[in-house]
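First to last, the protein sequences are chains A and B. Numbered per this note's numbering, the first sequence spans residues 1 to 307. Numbered per this note's numbering, the second sequence spans residues 1 to 261.
Take the hints with a grain of salt, since some may be wrong.
As the list claims (entries may be wrong) - Heads up, simulated DSSO-like pairs for lysine-lysine below, C-alpha to C-alpha not over 30 angstroms straight-line:
1) Lys237/A x Lys94/B
2) Lys249/A x Lys94/B
3) Lys278/A x Lys253/A
4) Lys129/A x Lys88/A
5) Lys107/A x Lys245/B
6) Lys43/A x Lys18/A
7) Lys237/A x Lys7/B
Calculated directly from the structure, the hints in this document are not laboratory data.
Residues per chain are reported as follows:
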Amino acid sequence: MITIQELGLSIMGDSPAKVYIVGGDEYGIKDKYIDTLTKFYGKKEEYPSVQDVLNIFNVKHFIPLKPTLYVVRYDDNFVSKISADLAKKVKNANILGTLFCIYNEPKHIAKLDKYLPEHVCTVDAVNPKFIEKYLTADFPELDSRSIQIATKLASNYGHARTLCKSMSQMERQDLTSMTEMQFAKLFGCESASCEEDMQKAVAGRNFAAASQLLDAYEGDLDSLIYMILRTMIELEKVMTSKYAESPLKDYAKCWKLEDVYNLFMNAYSELQKLRSGKSSNIKATLIYLFGLFTFKDIPSPEVMNAN
Amino acid sequence: MQTNSQKEPLHELNRLSDAKRQSVIIEGPSGVGKTYLSQRYADMLKIDDFVSVNPKVADIREALDSSIGLSTPVMLEIENLDLGVAGAAYTLLKTLEEPTPNVYIVITCRNLANIPDTIISRSAVVNVSPPTLNDIDKFGEQLDRVKFTNVASRLVWQCVRSFSDAELVLNMTNDQIDYYESLSEVCKFKDSVSNIIWKISHYDSNQECVVELAIRSIMELMHNESITRYGIECIRELSRSRISKQATLAKFVFDSKYCSN
Numbered sequence: 001m002i003t004i005q006e007l008g009l010s011i012m013g014d015s016p017a018k019v020y021i022v023g024g025d026e027y028g029i030k031d032k033y034i035d036t037l038t039k040f041y042g043k044k045e046e047y048p049s050v051q052d053v054l055n056i057f058n059v060k061h062f063i064p065l066k067p068t069l070y071v072v073r074y075d076d077n078f079v080s081k082i083s084a085d086l087a088k089k090v091k092n093a094n095i096l097g098t099l100f101c102i103y104n105e106p107k108h109i110a111k112l113d114k115y116l117p118e119h120v121c122t123v124d125a126v127n128p129k130f131i132e133k134y135l136t137a138d139f140p141e142l143d144s145r146s147i148q149i150a151t152k153l154a155s156n157y158g159h160a161r162t163l164c165k166s167m168s169q170m171e172r173q174d175l176t177s178m179t180e181m182q183f184a185k186l187f188g189c190e191s192a193s194c195e196e197d198m199q200k201a202v203a204g205r206n207f208a209a210a211s212q213l214l215d216a217y218e219g220d221l222d223s224l225i226y227m228i229l230r231t232m233i234e235l236e237k238v239m240t241s242k243y244a245e246s247p248l249k250d251y252a253k254c255w256k257l258e259d260v261y262n263l264f265m266n267a268y269s270e271l272q273k274l275r276s277g278k279s280s281n282i283k284a285t286l287i288y289l290f291g292l293f294t295f296k297d298i299p300s301p302e303v304m305n306a307n
Numbered sequence: 001m002q003t004n005s006q007k008e009p010l011h012e013l014n015r016l017s018d019a020k021r022q023s024v025i026i027e028g029p030s031g032v033g034k035t036y037l038s039q040r041y042a043d044m045l046k047i048d049d050f051v052s053v054n055p056k057v058a059d060i061r062e063a064l065d066s067s068i069g070l071s072t073p074v075m076l077e078i079e080n081l082d083l084g085v086a087g088a089a090y091t092l093l094k095t096l097e098e099p100t101p102n103v104y105i106v107i108t109c110r111n112l113a114n115i116p117d118t119i120i121s122r123s124a125v126v127n128v129s130p131p132t133l134n135d136i137d138k139f140g141e142q143l144d145r146v147k148f149t150n151v152a153s154r155l156v157w158q159c160v161r162s163f164s165d166a167e168l169v170l171n172m173t174n175d176q177i178d179y180y181e182s183l184s185e186v187c188k189f190k191d192s193v194s195n196i197i198w199k200i201s202h203y204d205s206n207q208e209c210v211v212e213l214a215i216r217s218i219m220e221l222m223h224n225e226s227i228t229r230y231g232i233e234c235i236r237e238l239s240r241s242r243i244s245k246q247a248t249l250a251k252f253v254f255d256s257k258y259c260s261n
């Protein structure tokens, strides 16, 4: 498999490769590279399958073909049929231009990588610093503050690019006067941004901040219980794996493994009560769970339920 | 194929078909052949038109609406009604109160406690017990004798508790069958909880595996009373589908890692 850097250099260079197979969640990067290749060839055509593109070059054309970008999206049939022979055919195909295949499923990319490793790349989460760098190049008319806000509010580069496109249509005065919260509300990213802050409050065992954020939270309260469970799993990973990388790494010092276990079990037990109808007030449940942060040693659910 | 665990329910359905009962509930755990029994009930009533319906309000409503005024009988099998929202069950209520001519309804469910009383009181209930290990072996042998001979002594086959699981195992590749035995490494619980969750829910190829079989394999490999208890709780919670699979697995792993003797 080629790296994202190798993919970028190859596409941005003067002679793009004949075939690229790109997977991963970061659809913004895929779009960016398709735009770049479209500009390079001046022509883009979409086809439903790889075989359709290969067929173009299996017949003689009286009018010579022009170099073109051929895009094929999610061709599952190609994945199921891929073999050493088919891979050889793809490598040796006399494609005039570039064939750009897009996939989402990691298992599809894993299978294709086995046969076409020099053409396959997966583009997953991009570091926010790189997102900022890309956006600065894509939207020179936007100031650095707007780009930082878009990066923070968006879930990935593709999302951030959409936010920047909208921001670039706004009046300059509005752009500079609006706060981050107002942008979050405008773009419907309020709950995502708040959830991230909430996760930090949970990881930092900060009852006051978590309760305050809960009051302002307008998203699905149910998802906050799952967020607590996720946070405990993440903290356990940071505390037990020496080399684990996580944005919550700095918060591990606030916890003992026993507390992580007990808070997970308390949150799970409360979730069971909500699902079985023994409890129905999710907000009160969350306040109760946040309240457990204040204990020096977080009690187990058995102790809490006995009281 | 008829198995020992299905003899009694078939006898019961035969009795109900004589009475031309229009509403029947078949209750039993996942993969015991509830759909097979529903089809047999349609055969007993000589109904050719058999339609399986998802437990969704829109799907049930559409199926009921399109069955009105039919000149030939139709059987609607509402699959796993207890996994649908309460509204799905109530969509059926009017039809059960005033049965439409020629429309027979078989409701399947895993847990009768999750079906509203108003639905139960208007239907005949047939219980199906889980298949015996002998039933499962017979089923496997009949489905694919060669594959069955190869897998019968493997760990994953010892973990099969339903016909649907048996079918899954018989369709597994050798690598997938080996995977369940390789879980002995995971059983040391030395990795982080998040990594263990990934390992017990994915094959080496990163494809999702059958989690229930993975949990049972760990229970078999460990022979530890606490882990067996956590495993049973986990499988029960997974079958209820009330809490996300990841969270339920995380609880099993947390408990097994930090609280087993």
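Evaluation of the provided hints:
no. : hint                : verdict
1   : Lys237/A x Lys94/B  : violated, 52 angstroms
2   : Lys249/A x Lys94/B  : violated, 57 angstroms
3   : Lys278/A x Lys253/A : violated, 35 angstroms
4   : Lys129/A x Lys88/A  : violated, 39 angstroms
5   : Lys107/A x Lys245/B : holds, 20 angstroms
6   : Lys43/A x Lys18/A   : holds, 15 angstroms
7   : Lys237/A x Lys7/B   : violated, 50 angstroms
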